[in-house]
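Colleague: Protein chains in written order, with the working numbering: chain E, 225 to 572; chain Y, 225 to 572; chain C, 225 to 572.
It should be emphasised that the hints constitute simulated quantities derived from the structure, not laboratory data. From a predicted model like this one, the values you see are computed outputs, not experimental measurements. Treat the hints with caution; some may be incorrect.
Here are the simulated BS3-like pairs of lysine-lysine, each with C-alpha atoms no more than 25 angstroms apart in a straight line [stated by the list, open to error]:
id, chain 1, residue 1, chain 2, residue 2
1, Y, Lys418, E, Lys371
2, C, Lys301, C, Lys288
3, E, Lys556, C, Lys418
4, E, Lys418, C, Lys556
5, E, Lys301, Y, Lys371
6, C, Lys301, Y, Lys556
7, C, Lys288, Y, Lys301
8, Y, Lys288, Y, Lys301
9, E, Lys301, E, Lys288
10, Y, Lys301, E, Lys556
11, E, Lys418, C, Lys301
12, Y, Lys371, C, Lys418
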Amino acid sequence: MGTASLGELAVRFGCTLQGDPDLRVTHVATLERADPQAVTFLANPRYRRFLAQTRAGAVVLDEKSAAECPVAALIAKNPYAMYARIAAVLHPAPPVVAGRHPSAIVDPSASIDPSASIGALAVIGARAHIGARCSVGPGCVLLDDVKLGADTRLVANVTLCTSVVIGERCLVHPGVVIGADGFGLAPSEGEWLKVPQVGGVRIGDDVEIGASTSIDRGAIDDTVIENGVKLDNQIQIGHNVRIGAHTAIAGCTGISGSTTIGARCLIAGQVGIAGHLTICDDVVVTGRSFVNSSIRKPGYYSGGITVDETTRFRKNAARFHRLDELARQVRKLAGEAPGADDAGSEDE
Amino acid sequence: MGTASLGELAVRFGCTLQGDPDLRVTHVATLERADPQAVTFLANPRYRRFLAQTRAGAVVLDEKSAAECPVAALIAKNPYAMYARIAAVLHPAPPVVAGRHPSAIVDPSASIDPSASIGALAVIGARAHIGARCSVGPGCVLLDDVKLGADTRLVANVTLCTSVVIGERCLVHPGVVIGADGFGLAPSEGEWLKVPQVGGVRIGDDVEIGASTSIDRGAIDDTVIENGVKLDNQIQIGHNVRIGAHTAIAGCTGISGSTTIGARCLIAGQVGIAGHLTICDDVVVTGRSFVNSSIRKPGYYSGGITVDETTRFRKNAARFHRLDELARQVRKLAGEAPGADDAGSEDE
Amino acid sequence: MGTASLGELAVRFGCTLQGDPDLRVTHVATLERADPQAVTFLANPRYRRFLAQTRAGAVVLDEKSAAECPVAALIAKNPYAMYARIAAVLHPAPPVVAGRHPSAIVDPSASIDPSASIGALAVIGARAHIGARCSVGPGCVLLDDVKLGADTRLVANVTLCTSVVIGERCLVHPGVVIGADGFGLAPSEGEWLKVPQVGGVRIGDDVEIGASTSIDRGAIDDTVIENGVKLDNQIQIGHNVRIGAHTAIAGCTGISGSTTIGARCLIAGQVGIAGHLTICDDVVVTGRSFVNSSIRKPGYYSGGITVDETTRFRKNAARFHRLDELARQVRKLAGEAPGADDAGSEDE
Chain E
225 MGTASLGELA
235 VRFGCTLQGD
245 PDLRVTHVAT
255 LERADPQAVT
265 FLANPRYRRF
275 LAQTRAGAVV
285 LDEKSAAECP
295 VAALIAKNPY
305 AMYARIAAVL
315 HPAPPVVAGR
325 HPSAIVDPSA
335 SIDPSASIGA
345 LAVIGARAHI
355 GARCSVGPGC
365 VLLDDVKLGA
375 DTRLVANVTL
385 CTSVVIGERC
395 LVHPGVVIGA
405 DGFGLAPSEG
415 EWLKVPQVGG
425 VRIGDDVEIG
435 ASTSIDRGAI
445 DDTVIENGVK
455 LDNQIQIGHN
465 VRIGAHTAIA
475 GCTGISGSTT
485 IGARCLIAGQ
495 VGIAGHLTIC
505 DDVVVTGRSF
515 VNSSIRKPGY
525 YSGGITVDET
535 TRFRKNAARF
545 HRLDELARQV
555 RKLAGEAPGA
565 DDAGSEDE
Chain Y
225 MGTASLGELA
235 VRFGCTLQGD
245 PDLRVTHVAT
255 LERADPQAVT
265 FLANPRYRRF
275 LAQTRAGAVV
285 LDEKSAAECP
295 VAALIAKNPY
305 AMYARIAAVL
315 HPAPPVVAGR
325 HPSAIVDPSA
335 SIDPSASIGA
345 LAVIGARAHI
355 GARCSVGPGC
365 VLLDDVKLGA
375 DTRLVANVTL
385 CTSVVIGERC
395 LVHPGVVIGA
405 DGFGLAPSEG
415 EWLKVPQVGG
425 VRIGDDVEIG
435 ASTSIDRGAI
445 DDTVIENGVK
455 LDNQIQIGHN
465 VRIGAHTAIA
475 GCTGISGSTT
485 IGARCLIAGQ
495 VGIAGHLTIC
505 DDVVVTGRSF
515 VNSSIRKPGY
525 YSGGITVDET
535 TRFRKNAARF
545 HRLDELARQV
555 RKLAGEAPGA
565 DDAGSEDE
Chain C
225 MGTASLGELA
235 VRFGCTLQGD
245 PDLRVTHVAT
255 LERADPQAVT
265 FLANPRYRRF
275 LAQTRAGAVV
285 LDEKSAAECP
295 VAALIAKNPY
305 AMYARIAAVL
315 HPAPPVVAGR
325 HPSAIVDPSA
335 SIDPSASIGA
345 LAVIGARAHI
355 GARCSVGPGC
365 VLLDDVKLGA
375 DTRLVANVTL
385 CTSVVIGERC
395 LVHPGVVIGA
405 DGFGLAPSEG
415 EWLKVPQVGG
425 VRIGDDVEIG
435 ASTSIDRGAI
445 DDTVIENGVK
455 LDNQIQIGHN
465 VRIGAHTAIA
475 GCTGISGSTT
485 IGARCLIAGQ
495 VGIAGHLTIC
505 DDVVVTGRSF
515 VNSSIRKPGY
525 YSGGITVDET
535 TRFRKNAARF
545 HRLDELARQV
555 RKLAGEAPGA
565 DDAGSEDE
């Protein structure tokens, strides 16, 4: 845990301080539970009601809220981003302690920077290249020809298959599997022939990959995750997917093979994206949507039918299953002949 | 495998025996495949047709079915629960054999009860506290400051990150990851800043966690799973979620950050629950539902549109994508002016 | 990497060669990026536009496309299957190097074929039976009584629980968990009793199982995966599911307990199949469908509502939530009395 004075924080991150610059803070906390050594923040209006009573040392908030703040305020245009920066000072990632745990199994042909840390019972395959200050946590398995850029951390029990390349400053959480075979099958006489998967996976810099996410190797060319991509837990990324820089994807989303997603997209949780599609830059897909055609215009896209009381939902769902019939009846009532719309619906 | 006489079972669990109290049974089986040393049960009416022909030693069933039972009957109000108790006698969990496998890597600062079992190639971090009769299976990794209450079992290849606290008598299946960072990101100038995740995970007593489920650590405060919660496989639980006592959640369900679920809820498979919601006690959510607003009234909630033949489904789905237009047309046919309903739908 | 002449390939696999039989190829590539030592293929019409410019050594394609091929052509009825066979010659699976890594922990009662490979830090439990030329990769954990047929490969960090039986020539990717307890709970006085899970898992020959897929052990009888089944990543298969031969299932699909799926089915990604159902042979379920009743007729089934622009989607979804009302209004406009259909919808 770090410690800093409010004055130091204000100077370092360029925010306006309302309060005592010498007050020292040591940790972060919620508005509701903060003690006087804590910094907290107000970004979501949902939590505004806790501001008046907070006992925090300081609150990071925007100019509009500063007047209501009963304690010191660190005023920023983007309070949540400012909070993130301050929290990183007070709660830095644990330092990487250089060295190999004697129980790690490292292939003699692996090249490991002396400043890197190799944890207990990790396995490092042939010709691996582990950069400066990397941390390979306990139980990780790196098969042959893996490359990790400087300052990349694999927390624990991560599996990197043959030829996976990861950039600098990445953070990979437990249970992640990168570089397993994609789902390549050729039907042949009622059976499935395996299509050898010979591509790799290339992951850029500053990528974070959540627990138990899987990213398959390419079938022929590589699967590519560009710089600054953030992936939550339990995401499945098929072979030859390409994800553009600074796109964030929430948990349980699945992306089928050969789909390209642009830069700065935000894909929410439990979304499904079919294969061989193109999603352009700056697309937001809300939770639980099913994307099965390309999206060529930035904007917001949705598809999740929400829950209702079961009795009511089932009545409506039963009607859904006869909706085409209902529409035809309406057309008839309106005195229109069956026409373009009806035909169109059949083609979809 | 245990063994018991029907008389012993009837006395121990308070059920009525119809048949020979000295008959010994050694294992459980299905009605259809049971042999004379087996106990079986009838709870789901779907399987009633197998009762007349069963060759079981005894059948656990309710009073109504007892007359039809061709073999000994153990009569109980709740036959499935009674079966569960009897099965646990005949098929007890394997005993925990105290001791550390010599290949396990245990930090010298860890405190491990002498009655606990630490499996092959397990890793136990600094200041861990492992309670009486715990079993940490092969390949498990416990990072620093983990606590396990008495009689908790981690089957194999479980990853517990820093500061995870688990209560007594829990059962955690392989591939589970508890305490990885939540998905906390602050947008800042077209990129994402990582928001340090500093909370923990606290899991109560008698919790079961299925294979490859992940539970993230809190962003600031802890993620909390209360006593008696049962989680199936491949569930994703975001940071700062709180799940109330004796709630059960089926496989592949995802729960976004900061959502609170009440006690005794039943959440079926592949459900998605958005973040920052409150689900009250005693709510049942059926399979494949998408919950994106709070539920404040106990009851049954549904949202899964079911499958149909592709041709028919696609016609109906095409109509769905023009449903607002259809509703406006009906309103016009009915001679009503566009009104509250139309406006309302736009606001949703 | 292998190498072959076009003549050798044509003879071995029975395809027609248009071009120089002595030209040697060493690897596969895409049409777009192939160099003169590469074999590529044209199967998906989407990629036809790359044919004229390809610099490949040879292209596998069908008779219709052969005339347009600017380089050597290997002509086959099923070009993708032919490509798969050729790719397997040029990119064979790495050979299994017999022997045990000294860091592996093998129970003395295990029987391991001398031609098998046991990787670094693998754990092999009591009475295991590992067949000829099997490969158990680094970090795999096999609990007691596991059986692997000849030529089966576990890539790395695979967990096989007690009594799992796998056939010959299977390929199991990292993060897979087979044989964990199913989700068997009996409600009893507001709590859940665990129902002991005592069945096993039996997996046939030529089965491939993708990264982080989980297959639960049976409650009483076994969970069964038949020959030639192909499972993608992050699939969840509940207890007592039975999957018929040569069925393929794409990523993130969940199958609840006691459901039987027939042979030669194709289940796409993110599908959910409820428990205790029967799906007959030769059924195709398209992406994102929710199957909650049995399917008794071969054919195509769909259920995924696709994404739309958020504003439009929400209007339509709001109408969906009042669809029963709309249908009643149409019936009234049509001058029909509320009747069978309305009642029927309530029963669903």
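Colleague: Assess, step by step, whether the Cα of Lys288/Y is no farther than 25 angstroms from the Cα of Lys301/Y, and give holds or violated.
Modeller: Holds, at about 10 angstroms.
Colleague: Hinted pair, alpha-carbon criterion (25 angstroms max): Lys418/E, Lys301/C. Please report holds or violated.
Modeller: Answer holds: Lys418/E to Lys301/C is near 18 angstroms, not above 25 angstroms.
Colleague: Does Lys371/Y pair with Lys418/C here, judged by a C-alpha cut-off of 25 angstroms?
Modeller: Between Lys371/Y and Lys418/C the Cα gap is close to 24 angstroms, so the pair holds against 25 angstroms.
Colleague: Please work out if Lys418/Y and Lys371/E have their alpha carbons no farther apart than 25 angstroms.
Modeller: With a Cα-Cα distance of about 23 angstroms, the restraint between Lys418/Y and Lys371/E holds, given a limit of 25 angstroms.
Colleague: Do the alpha carbons of Lys301/C and Lys288/C lie within 25 angstroms of each other, as the hint requires?
Modeller: Judged against 25 angstroms, a Cα distance of about 10 angstroms means the pair holds.
Colleague: Going straight from one Cα to the other, do Lys301/E and Lys288/E come out at no more than 25 angstroms?
Modeller: Status holds; Cα separation ~10 angstroms.
Colleague: Take the C-alpha atoms of Lys301/C and Lys556/Y, compute the straight-line distance between them, and say whether it is at most 25 angstroms.
Modeller: 56 angstroms, violated
Colleague: Holds or violated: Lys301/E with Lys371/Y, Cα cutoff 25 angstroms?
Modeller: 41 angstroms, violated
Colleague: Within a Cα-Cα threshold of 25 angstroms, do Lys556/E and Lys418/C meet the stated pairing?
Modeller: At roughly 57 angstroms apart (the allowed maximum being 25 angstroms), Lys418/C and Lys556/E break the hint.
Colleague: Is the Cα-Cα distance between Lys301/Y and Lys556/E 25 angstroms or less?
Modeller: 56 angstroms, violated
Colleague: Keeping to a limit of 25 angstroms between CA atoms, is the pair of Lys418/E and Lys556/C held or broken?
Modeller: This hinted pair is violated, its Cα atoms lying about 57 angstroms apart.
Colleague: Does Lys301/Y lie within 25 angstroms of Lys288/C when you go C-alpha to C-alpha?
Modeller: Violated, at about 70 angstroms.
When each numbered hint is compared with the structure, violations occur for hints 3, 4, 5, 6, 7, 10.
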